[in-house]
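Engineer: One-letter residues, chain by chain:
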Amino acid sequence: MTALQDVAPREPAGVRREALYFAVRNGKLMAGFGIVLALLLLGLLGPVLLPGAPNEYGPKPMAPPSGEHWFGTTTFGQDVFLQFVYGLRATFAVGVVGGGIAAVIGMLVGFVAGYRGGIVDEILNMLTNVILVIPTLAVLLIINAYLGIRSVAVQGLFIGLTQWPWAARAIRAQTFSLRTREFVDLARMSGAGTGRIIAREIAPNMSSYLFMTFILLFGGSVLIASSLDFIGLGPTEGVSLGLMLQNSNQWSALQLGLWWWFVPPGAAITAIVGALYVANVGLDEVFNPKLRET
Amino acid sequence: MRRYFGRKLLIYGLTFFVAVTVNWMIPRFMPGDPVASMVARANVAKPEAVEAMRAYYTALFGFDQPLWQQYVNFWGALLRGDFGISIWLFPTPVSDVITMAVPYTLALIVPSVLLSWVVGNQFGAYAARRKLLDNTVLPVGYVLTAMPYMWLAVLLAWGFGVLLGWFPVAGGYSFSMRPNWSWTFVLDLLHHWTLPFLSLFLVALGGWAIGMRNMIIYELESDYSNYLSALGAPSRLIRRYAFRNAVLPQITGLALQLGVLVAGALVTEIVFAYPGLGSLILKAIQNKDFFLLQGTFLFIVLGVLIANFIIDIVYVVVDPRTRAGMAGAQA
Amino acid sequence: MSLQVSELQVYYRTLKGDVRALDGMSFELGDGEILGLVGESGCGKSTLGKSLIRMDSRMRRVGGTVVLDGHELPIDDDRAMNEFRFAEVSLIPQYAMSALNPTRKIRKMVTELLNSRGATLDLDELELRMSQVGLPREVLDRYPIELSGGMKQRMVMVISTLLNPSLLIADEVTSALDVSTQKSVARALLGFRDSLYVKSMIFVTHDLALTHHIADTIMVMYAGKLAEKAPADVIVKAPRHPYTKLLLDALPEVGVRYTDRRLEGIAGSPPSLLNPPTGCRFRDRCPIAGEECAEDPPVTELAPDHHVACWKA
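Protein chains in written order, with our numbering: chain V, 1 to 294; chain C, 1001 to 1331; chain U, 2001 to 2313.
There is no bait here: all hints are sound.
Ranges of calculated distance between the beta carbons of each label pair, as one might list FRET restraints:
| # | chain 1 | residue 1 | chain 2 | residue 2 | range |
| --- | --- | --- | --- | --- | --- |
| 1 | V | A53 | C | Y1071 | 43 to 53 Å |
| 2 | U | Q2132 | C | L1256 | 45 to 55 Å |
| 3 | C | R1129 | U | A2080 | 19 to 29 Å |
| 4 | V | L147 | C | L1014 | 18 to 28 Å |
| 5 | C | R1129 | U | D2056 | 11 to 21 Å |
| 6 | U | D2076 | C | R1129 | 20 to 30 Å |
| 7 | V | S207 | C | G1013 | 33 to 43 Å |
| 8 | C | S1182 | V | L108 | 56 to 66 Å |
| 9 | V | R188 | C | L1014 | 26 to 36 Å |
| 10 | V | E182 | C | G1159 | 55 to 65 Å |
| 11 | C | L1256 | V | F211 | 19 to 29 Å |
Calculated from the model, a selection of chain V residues having no Cβ within reach of chain C, i.e. all distances over 10 Å:
| # | residue |
| --- | --- |
| 12 | A23 |
| 13 | N26 |
| 14 | M30 |
| 15 | L40 |
| 16 | A53 |
| 17 | S66 |
| 18 | H69 |
| 19 | W70 |
| 20 | F92 |
| 21 | I119 |
| 22 | V154 |
| 23 | D185 |
| 24 | A187 |
| 25 | F214 |
Don't read these hints as lab results, they were simulated from the structure. All C-beta atoms, glycine included, are put in the ideal place defined by N, C-alpha and C.
Between the sequences and the hints, there should be enough to build the whole structure, so can you do that?
Structural biologist: Structure follows, in structure tokens:
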């Protein structure tokens, strides 16, 4: 639902510096990335610096936040804050894997379809449309339930495999508009093959667009993964933010008033995804001078 | 026009075909003897149940039959409306179990999707008009759309249900009541429906508002808007044109978001133990009831495809360019 | 109708400072006169055209006035200008081919536009004008997507002149067209003037040769300032400003081959309008520049109706 804008081709060096100049002055971009970075650091360093295992049962169940347990404890006395930081790590991991795979496949399909056109485009288009229409959660549901996906990496893989059509469509549209430009004709005349033209001419001119696409795919993957975990189709070992929500639901945290169990995980997901969306808008302003004005 | 719809139907047909095939294929990837492991997993106590299941599974997997025969059998059963027998609610057929849950899910999804779309578009349009409104609608919209559906559901349940006690947080209707057509029951239904509906409505609203706002700004900067302004047309007229043109991609967006909206509805139902397809799926997973899961999956896919098709029709009706473009341009 | 523009200064606000797109333009336009406004890209001609009807959000008037038929035009007040738009001053935009709402039938759009301006549609008059530019009346019941680019442009031309404005600004209407279409568009515009649909016209273009066919007077701009303004024939046959002379020399002549005579371009490029140089802005590229050119030459009327801004003319 967030729209991506068209980007004109750029030359490197000086323009990159200009982009950086505007980047650090863009509030949305800095704030957005800042929040994400903060949570990422928490997720990376937390498990290293804090003692104990997240799923270890503790002596004080259902305790509200205090000096000893910053986010309180669960019905089994597990430290919620500890689960939280481990969960952050898993969430980021699935976002990177899922978003990355979706981005790669989306780029492959989008570039080839957009550049080649013709029958190749028709076939890829048909493929894209078919996968696009299928409701993602339903498919992941079936696959996860039968095959028992229990690792974050594989979960990310399957999420990536269902997310790419959206990106492929957008990239194809952009490639279409770029392929009629003169520099592509020049490259073709100099005898470069399809792969080289895509890698050397088209992709670098869309780099900002590709980056923004990846960000949105990352956010989408995080949301989907948390939904899957919530239904009970997530990794059995370890923790994730979605799993925390599932557990809190299963053990009636709502009725028992254990708000510290379900508020932080959801808040973290909202913060990560929301910050990414806002940063994306900021990025758009940086790369698209028209939006920057007074 | 025929080509356009023909193409769409082809895609939907293909999609359904793929979905069914995936559904048929996946169990065969399970390690070991699928029949035995499924029966074992199901953990059913009654011996006649085990026997019936074994018979059914064997017919379905039919290891004495070639693979293609199994596939054809599967399709045959599907087209007869035979989704199998539910393991969890043995001996109720899956189709019956699903039919009981569907009205609840539809009652949740249809109003929330439509209302959030309409209201979200309005908010987006207002936001594009005034800077002040823009500065409030945008952040709120981003936060709402970034929320996982089940989290807002939990927050609403906790806030309005547990803390304030205004709304119930479980079930489709009071446990003390039996379904009937009396006023009290209907009101009770609505009472239970409110929070899940609100939760779905709010999250989806954010996304539409942001999308519409961007689309309207884009339309307001277009050549025809500039031309009308140059000729002194009042902003009322320009905004009306911009709104009408911006709605079109929002319709397409609705079709694209259907999968996400359905997923949201499912998890929201789980939070509220609302007796729709979502809770059904949860029970199916917990009880390893693969037939129920399979049936629900196919049903959801079918529902989404039909909804897509309806939206395609609506789009052709609403966008005059599609009809004119199909008739062919004249120089 | 009469138009007097005096010392008009319009700058663009940018993050790097003010771009002085128009730096003191003064000229007059009489009744029934077609003025061809010519210049390189970035010389300010489009800015001038836009300033007279609807200023961009980035533009601001720094000084000068515009007086049309005795009223001063409030060009920097968007609301107040609305009264004059369409009825007194009208525009055929550069983007005419995409200026029609794609989801409205032409007839409906025109009706709604006129109604919103407090006028009603006179169908016979509209059809008459359409036939004058070669558009069949069935066009009214079509969507813009069903029309060719040329048809859309002609439709926009008819719409823009529907309320018989005093002044019509045609902004680069021929730039994207082939030669034969250019000719028919030019003829159509002349027809508008002759049929009194418009009183006077400013025809903005960078094509000097075409302008000569349609304009009564030609005004050459350079770097935000007036270079030369004279009747069309005089400009083409007896220009006084060195820039005009170089422009004319740069035009290819039919029948003359490269081996016989080389095309002379104008070396260099126009100055940046962010920090314009002091003195005559053409100085760096001018073949006859001298000491006195360090001071900005004023516009002087060297002969009746022949204005030049050059010390050496």
